[in-house]
Amino acid sequence: MDSIENSAFTNRAIAIEELPAYEELSFNSVSIKQRTKGFIQVSIFLFICLIGLGFGFYFEMPEILFYIAIPIISFISLFSYINIFLLQKTYGYALREKDIIYKRGYITQKTTIVPFNRIQHVSTSRGFIDKILGIANLKIFTAGGHGSDIKIPGLMPDLAQKLKEAVAKKVSLEDEQ
Amino acid sequence: MNNKAFEIPQRQSTIGVLFIFLTTLYKIARGLWIFFAYILFKGVTKEGVYILWGLLFVAILSLLFSILNYRNFKFHINYKSKEFVLEKGVLSTELINIPFDKIQQVYFKRSLLQQIINVYSVVVDTAGSSKKEINIKALSREKANSLREILMELAEAETEENQFISEEKEATAKEERKSVSWTYKLTLSSLIKIGLTSNYIRGIWLLLIFLTTIQNELNSLPEGKIYVDKAFDYLENNFSEILQIYAVLFFFLLVMFVLGIFITFVEVFIKYYGLELTQTHDTLDLQMGLKTNTRTSLKPKRVQLLKENTNPIQKYLNLYEVQLSVASSEDTLNKNTIKIPGLRKEHLHKINYFLYKKEEENFTIYKPNIIWLFRNLYLTILPVFVILIGVNYFFEWLNWWNIASILMFYGILVGIFQYLAYNKTSLRISANFIEKKSGVWNQTIERLELYKLQSVTVKQPFWYKKRDLYNVVFHTAGGDLAYRALPAEILKEMNYSLYKIETSTKAWM
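Respectively, the protein sequence lines represent chains A and B.
Under full-length UniProt numbering, residues 1 to 177 are what the first sequence spells out, in order.
Under full-length UniProt numbering, residues 1 to 509 are what the second sequence spells out, in order.
The set of hints was computed from the structure by calculation and includes no laboratory data.
Owing to the predicted nature of the structure, the values given are computational and were not obtained by experimental measurement.
Note that CB positions come from ideal geometry on N, CA and C, so glycine has one too.
Covered stretches of chain B, as calculated for chain A (at least 3 residues, CB under 8 Å):
(1) 447-461
(2) 474-482
(3) 491-499
Keeping only pairs whose Cα atoms sit at most 25 Å apart, straight-line, the calculated BS3-like set for lysine-lysine is:
(4) Lys37(A) to Lys139(A)
(5) Lys299(B) to Lys271(B)
(6) Lys506(B) to Lys170(A)
(7) Lys466(B) to Lys89(A)
(8) Lys424(B) to Lys307(B)
(9) Lys4(B) to Lys82(B)
(10) Lys139(A) to Lys98(A)
(11) Lys33(A) to Lys89(A)
(12) Lys436(B) to Lys110(A)
(13) Lys139(A) to Lys164(A)
(14) Lys459(B) to Lys110(A)
(15) Lys492(B) to Lys110(A)
(16) Lys98(A) to Lys506(B)
(17) Lys151(A) to Lys459(B)
(18) Lys98(A) to Lys301(B)
(19) Lys299(B) to Lys506(B)
(20) Lys506(B) to Lys169(A)
(21) Lys500(B) to Lys110(A)
(22) Lys367(B) to Lys110(A)
(23) Lys492(B) to Lys98(A)
(24) Lys102(B) to Lys506(B)
(25) Lys492(B) to Lys436(B)
(26) Lys169(A) to Lys98(A)
(27) Lys89(A) to Lys459(B)
(28) Lys500(B) to Lys98(A)
(29) Lys345(B) to Lys193(B)
Sequences are here, hints too, so could you generate the full structure?
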């Protein structure tokens, strides 16, 4: 088996130019509800902080603490809102015949590509806010550790399920070969 | 060989009782050391007698525990259901079955105590997410050896059966396996050389941690605190002149350095004493260690990432270190790194040849963009500048001319160092391999086989966009290999890597 594989690869210079390029793919975007989810999460954080501040005010916390806490909280919240707003456009995923590609990030754009024959298992997950908004996450695990796993957020539940089944099918197909 | 060995359930060797008893006692003693200390300091007072009776009671209990532990610990091989069976437990009983095909590795381990009693621990490594520890702690040498051999053979046969390997091939493989290809024993002089030329920073760190713990411990005792205070008073009273302070500081640093070398030396000695590397037909057997003598057996396909380390002095002495990252099982992924120091250049080639059957390959060499150098320069220079200038601004510690000269000196040194680092580093990709070279003093080469990759990640910070540069990460089950600021041609290599993974039919572990 080895020898066949190797002999197919003697002329590497040509092969490499003809290989399909992942960077020319068109990506599917994730649901806009993912952004809503992010906004809700930041709002909850802000709300809890405000309650904390209220308590602080009620129990007569030293004034200097307010001067420190309020700018920090506002900065974090504002930054998070902007971050979530900008992130939304950068989520993208694509399925190819033999691998799955996921990209995200605007400060640093990260693209991870996982071949089906290296996937350990696939699962979907839904948190509390996901359930309310009607979205789901698709998780793909490999043996390559944390950096090599993929979690695609903001998918419609039935789409996530379909993707999961499709990927699982491909994985088992690859395993049989 | 007796084909049905270990078929009947059996216990560990009889002396095992003693081993279990002593280890339990040791564990208990470690927990109760405060009582011993009490008796030692206060003498045998009235409370002391009670404590002694209590301790005796505990000792008798642990003897009973050890005997039960020994009696209930039974293992055998069930050839019919193709599994290794272990029964253990003092009060409750635990039954562990390991199918042959789940056995990944069988190896020996010996602590100092085990070496004295002359028994071996046989550890069975398994695959599967529910990782059950199998450690048969007291076997005689012959038994340990034959158990290991039989289990390995059974595991082998089972997996090979699954992989449809023809029988004649298996037969010849078995024959060849027995014939040892080469053995390398680390000599005492090499061991000493490694000890003296290793990285001392770790030793100095260990020393610092040790000193601070001692100081803390002393401080927490009322009597101890007096001594610490006395010592500081003594220093303050006798060495108050500026020159004397420098002298004390210098002396202190010198002692630290020498002790650091010494500790590194001792650590290397304990870890790698009696290192013996043997290559058989299909495994690499490694045995080493003074305190716990471990013996591991490695198969090429388990090795995910290889790292070669050396520094100019070691290079001159023909000493190289190989670090192998091994995926122990597909689900749990306990990353496991095995260090083999003190190898000569020829062994490096032999190991590489054994692992990869490596022939000469044509590598395409990728150098990072010059931005790589600038990034490292400002990461190493800027923080020091900011901190020094900041500290001086608030405390007016030195005059500004001195600060400027120190910073200049530092900047030039770091500049030269980073420039050399930039010149040394490169990413090399061939038809089947990826190699990363780096390091000015500690020179390393990381190597991985393309088909062992799990996935790849490409990153592009927005300030790379104009220059069209990329950071890449190659993920393997034994760790990542990352490289920064590469030109766009690297994307073709990423596509090629994916192609290699996706067309590979070889099992990656």
